[in-house]
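These protein sequence lines map, in sequence, to chains A and B.
Per numbering that gives the first Met the number 0, residue 0 is the first one in the first sequence, and the count goes up by one each step.
Per numbering that gives the first Met the number 0, residue 0 is the first one in the second sequence, and the count goes up by one each step.
Derived by calculation from the structure, the hints in this document are not laboratory data.
Cβ coordinates follow ideal geometry from the N, Cα and C atoms, glycine included.
Do not rely on the hints blindly, as some may be mistaken.
[Claimed, not checked] Taking beta-carbon pairs under 8 Å as the criterion, some of the chain B residues facing chain A (in silico): (1) Gln135; (2) Pro244; (3) Cys245.
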Amino acid sequence: MHVIAEGLFTDEATPRLIGGRHRQSGRIVFPCPPGEEFEPWPLAREGKLWSFTVQRYRPKSPPYAGPEAFRPWIVGYVELPGEVIVESRVVGIGFDEVRIGMELELTLVPLDPDAANPIMIHAFQPKGASA
Amino acid sequence: MSDVYIVGIGIHPFGRTDGLSGLDQGVYAVRQALSDAGVDWQQLQFAYGGSDAAGNPDTMVERLGLTGMQFINVRNGCAAGGSALFSAQMAIKSGEFDLGLAVGFDKHPRGAFNALPAEYNLPDWYGEAGYMITTQFFANKITRYMHEHGISPTTLGRVAEKAFRNAVHAPHAWRRAEVPLDEIMNAPLVSDPYTKYMFCSPAEGGVALLLASEKKARELGRPLIKLKAATMRTRPPGSFEVFAPCIDIERGGSATNLASAAAFEAAGLGPKDIAVAQLQDTEAGAEIMHMAENGFCADGEQEAWLAEGRTEIGGTLPVNTDGGCLACGEPIGASGLRQVYENVVQLRGDGGGRQVPNDPKTAYSHVYGAPGVSAVTILER
């Protein structure tokens, strides 16, 4: 699998996002900053939607590296209990059905769904959607 | 310590002016401010200039006169104008100078601001995956706020409706045609819940303010508009800012909270003493949130305030009387100074069709933006 960046996901059958835990204060952030202050910290796979919107126009390139063809997506913040609120795409649910507080779990989705060997990015989907 | 007065104001209309550089628009504003105050460029002792994307402000000496004056450039994100004004205020307050300039101008390309991750200390993947988008942040922030405090989409629409209605009477505004509420609500969505009328656009424009000591202001004989407070603050822990891959679960205050509290303390006034306010309205929801963050109402009360028209020109606290960023656009270096310009117009009673009634004596301005900065001023006549 081809993921968008090194150090973003754990190397597990069901990957987790890697955050950073501040060695002194215990504060958890995402992604893990470079340097010695933070230690890599695998984040919870499940959380609740904290807020959301829909990205309705194609972002400018650079920096956006997605396909020319544009389909709107949900982008929100997911609260991982006791850890941190992470920004993420939200997939597997309609724009009219998404609600603050809904239970979500981590998944990986292709940046370009039509690519042969797509670059994978993180997203959250309704809990149990892939079961 | 001398009190500080605003003795001259000038503005180049905001919007799009093909054929004029950002600097040209700054120079235009300075000339207008000099004429307004009845002084010559040669009399100015110092200047602070802010621009984000339109070059070095100090190069305007070539156009206005090589007098050898002190001219300091200010680059401070969305607080550039506010920071220039703060610095100019201090130069007079300290007793060092009697007469000087705060100027801001800008000229941005069309479309949303295009930021790169490295400029914000973020990894490249964040931009590649489509997260370097300011509108995503604003929309996420208001969605959460609406959820927590019971603000309806219609209230966002009312903010935009008011902006365009006020701008009809503001010659310096960009979008000066009324837009009915249903058209605002039914327009294409940019980032839910915001439709295209609920976001301001990057734009162009220039604003100049001449500041003087009390002695100098009295000599000039212009209406005495006193700068009671000018503050600038950066963000505290737990704030929610643009381009945030994560935020803390424990939520904190904002740069606005800090700048506002400091300004009220410096002025010896409270929110109830303010007669007119210009609040940062990058998007309709920003005006809503900033009403509370600046202490004018409690979270959630905006729903009733907007429905009852309390922030209209004739309301108890008129907000964004020239249409704000929504109608004027946002040239970063000039935007905060435009608010102060508008407040001086209101305190002088020169607002014409947008004049706040009953002779306002106090006026408040507030800027907020990337990367978590805020600047506030309070004026009194």
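The hints, checked one at a time:
no.: 1; hint: Gln135; verdict: holds, 5 Å
no.: 2; hint: Pro244; verdict: holds, 5 Å
no.: 3; hint: Cys245; verdict: holds, 4 Å
When the structure is compared with the earlier hints, no violation turns up for any of them.
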